[in-house]
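Next come the chains, spelled out residue by residue.
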Amino acid sequence: MDLSKPEDGLSQSPRGGGGAPTVEQLQYHFEGLRGLFLYTLFALIALTVTLDLCFLRKQMIFVRTQLDDQRPKVGKLVAEYRKGTEPLVKSFTASLQSFTASNHDFQVILDKYRPILWPYMITALSEPTPLMPGKTSPVPPK
Amino acid sequence: MKSNLFCTLTLGLFLVCALYTVWLSVRYFFSVQELQQLQSQYVTVEQTRNAIQSLANEALEYSKKNPRIDPLLQQFEIKPKPGGTNAPAPVSPKAPAK
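Going down the list, the protein sequences come from chains C and W.
Okay, so the first sequence: first residue is 1 according to the working numbering, each after it adds one.
Okay, so the second sequence: first residue is 1 according to the working numbering, each after it adds one.
Chain W on its own, in the form it takes in the complex (with noise of 0.2 Å):
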């Protein structure tokens, strides 16, 4: 009887100890998911910042053989206005002057 009690008592401790492991597994997946959209989305933000930079690098640049981009680009200060005497800007785009 006594031993009956014992097993009974080891299987039930066995038993809170799977418990507890699907518990903290559980959690920890959830975390990560978590995580990895977090970081999806910073790098999401990263690399569209990067790649309108680098457009409007291209586009500057483009104003050089074509100049009918030159409005376009100093609506949006990447370029900037012929008798304006602003520093030359940097190179993203701003808001558009209305």
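Isolated chain C (complex conformation) (with noise of 0.2 Å):
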């Protein structure tokens, strides 16, 4: 297959000539399209490739060894905090908020850590929900 042939003229039959197109030209007009059809091709593989070879996989590289250095170190950090510091965190805000309703100025300065640790401050509501993903400091409840 020949693919330099055909463009040099899709308009010009090979023959010229008026009237109903005959099948040497249809011939030469399918011939053409299949050459384009294949340096499109040509090209979209080439495009592919290279955003493979090029991007997706060096990004995939980094992303994928940045996680397995993460994972352990996050996950060994999240469990301490649970088991250590999460309990006392719980008790300590609620002991402040119980010191809080007898002595009201203390109220400005705990209002101030609402926004971080209001999930500790409404035990008597219902249970924390803390480390929540893309939850790190909503706006607290009123």
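One should not assume that every hint holds.
Calculated cross-link-like contacts (lysine-lysine; reagent style DSBU-like; alpha-carbon spacing at most 35 Å) [to be verified]:
| no. | chain 1 | residue 1 | chain 2 | residue 2 |
| --- | --- | --- | --- | --- |
| 1 | C | LYS112 | C | LYS76 |
| 2 | C | LYS83 | W | LYS65 |
| 3 | W | LYS81 | C | LYS76 |
| 4 | C | LYS58 | C | LYS76 |
| 5 | C | LYS73 | C | LYS90 |
| 6 | W | LYS81 | C | LYS90 |
| 7 | W | LYS81 | W | LYS64 |
| 8 | W | LYS64 | C | LYS83 |
| 9 | C | LYS73 | C | LYS58 |
| 10 | C | LYS83 | C | LYS73 |
| 11 | C | LYS58 | W | LYS64 |
| 12 | W | LYS65 | C | LYS112 |
| 13 | C | LYS112 | C | LYS83 |
| 14 | C | LYS112 | W | LYS64 |
| 15 | C | LYS112 | C | LYS73 |
| 16 | C | LYS83 | W | LYS81 |
| 17 | W | LYS65 | W | LYS81 |
| 18 | C | LYS112 | W | LYS81 |
| 19 | C | LYS90 | C | LYS112 |
| 20 | W | LYS2 | C | LYS90 |
| 21 | C | LYS90 | C | LYS76 |
To be clear about the criterion: a stretch of chain W counts as covered by chain C if any three or more of its residues have a C-beta under 8 Å from a C-beta of chain C, and this derived list gives those stretches [what the hints assert, rightly or not]:
| no. | region |
| --- | --- |
| 22 | 16 to 27 |
| 23 | 31 to 38 |
| 24 | 41 to 54 |
| 25 | 60 to 69 |
Note that these hints are calculated values from the structure, not bench results.
Don't be surprised by glycine CBs; every beta carbon is placed ideally from N, CA and C.
Both chains are given apart, each in its own frame, so use the hints to dock them into the complex.
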């Protein structure tokens, strides 16, 4: 198959002339279109392979390396936090809240930390739901 | 006939490339999502730790004006007990003494 031949005159038939197109004319145009289609396919393959190898694969390796590195560290940190710090934070904030009930001037200080510590401050209403991904500092419920 | 086969093979190659790109993109998307979740968890833990430490500091400062908070601070070992021989405690709540 000669890919370079057909597109040098798609609008001109090889034999010229008007009237109904002949089988040779149609064949000629068909070959031209097939050539163009193949060129487009080659271009798309080249584009896809370039995108895969030069961008996606590199990014993928980078992200996987970070994940493999951070997953155990963060997992350990969160486990330690849940086991040691979280119960303490809960009881400390609960104690401060009960203290605030009789000493209202402390309310100002407590309110400053409400945006971050709100999951531990509404124990009477519902169980805290800390460490929810994407909810690092939500607006405290009023 | 030969040209048709070539066309089909090229089309098949393109299909394989496209599928590989989609697979790689999906894996990349979920990996990034997992990484973001991990980072979010880390930030939450650090934020809570810093906040509770600051709150303990402020409560300690507040105890100078209002000593009624002292038992609470002593319970969490933020403030040393009056008769205790302990050195001044680090300013972060500890497990309450039972």
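Outcome of the hint check:
{"no.": "1", "hint": "LYS112(C) with LYS76(C)", "verdict": "holds (29 Å)"}
{"no.": "2", "hint": "LYS83(C) with LYS65(W)", "verdict": "holds (34 Å)"}
{"no.": "3", "hint": "LYS81(W) with LYS76(C)", "verdict": "holds (33 Å)"}
{"no.": "4", "hint": "LYS58(C) with LYS76(C)", "verdict": "holds (28 Å)"}
{"no.": "5", "hint": "LYS73(C) with LYS90(C)", "verdict": "holds (24 Å)"}
{"no.": "6", "hint": "LYS81(W) with LYS90(C)", "verdict": "holds (22 Å)"}
{"no.": "7", "hint": "LYS81(W) with LYS64(W)", "verdict": "holds (14 Å)"}
{"no.": "8", "hint": "LYS64(W) with LYS83(C)", "verdict": "holds (32 Å)"}
{"no.": "9", "hint": "LYS73(C) with LYS58(C)", "verdict": "holds (23 Å)"}
{"no.": "10", "hint": "LYS83(C) with LYS73(C)", "verdict": "holds (15 Å)"}
{"no.": "11", "hint": "LYS58(C) with LYS64(W)", "verdict": "violated (58 Å)"}
{"no.": "12", "hint": "LYS65(W) with LYS112(C)", "verdict": "holds (18 Å)"}
{"no.": "13", "hint": "LYS112(C) with LYS83(C)", "verdict": "holds (26 Å)"}
{"no.": "14", "hint": "LYS112(C) with LYS64(W)", "verdict": "holds (19 Å)"}
{"no.": "15", "hint": "LYS112(C) with LYS73(C)", "verdict": "holds (30 Å)"}
{"no.": "16", "hint": "LYS83(C) with LYS81(W)", "verdict": "holds (26 Å)"}
{"no.": "17", "hint": "LYS65(W) with LYS81(W)", "verdict": "holds (17 Å)"}
{"no.": "18", "hint": "LYS112(C) with LYS81(W)", "verdict": "holds (27 Å)"}
{"no.": "19", "hint": "LYS90(C) with LYS112(C)", "verdict": "holds (17 Å)"}
{"no.": "20", "hint": "LYS2(W) with LYS90(C)", "verdict": "violated (75 Å)"}
{"no.": "21", "hint": "LYS90(C) with LYS76(C)", "verdict": "holds (20 Å)"}
{"no.": "22", "hint": "16 to 27", "verdict": "holds (count 7)"}
{"no.": "23", "hint": "31 to 38", "verdict": "holds (count 7)"}
{"no.": "24", "hint": "41 to 54", "verdict": "holds (count 11)"}
{"no.": "25", "hint": "60 to 69", "verdict": "holds (count 4)"}
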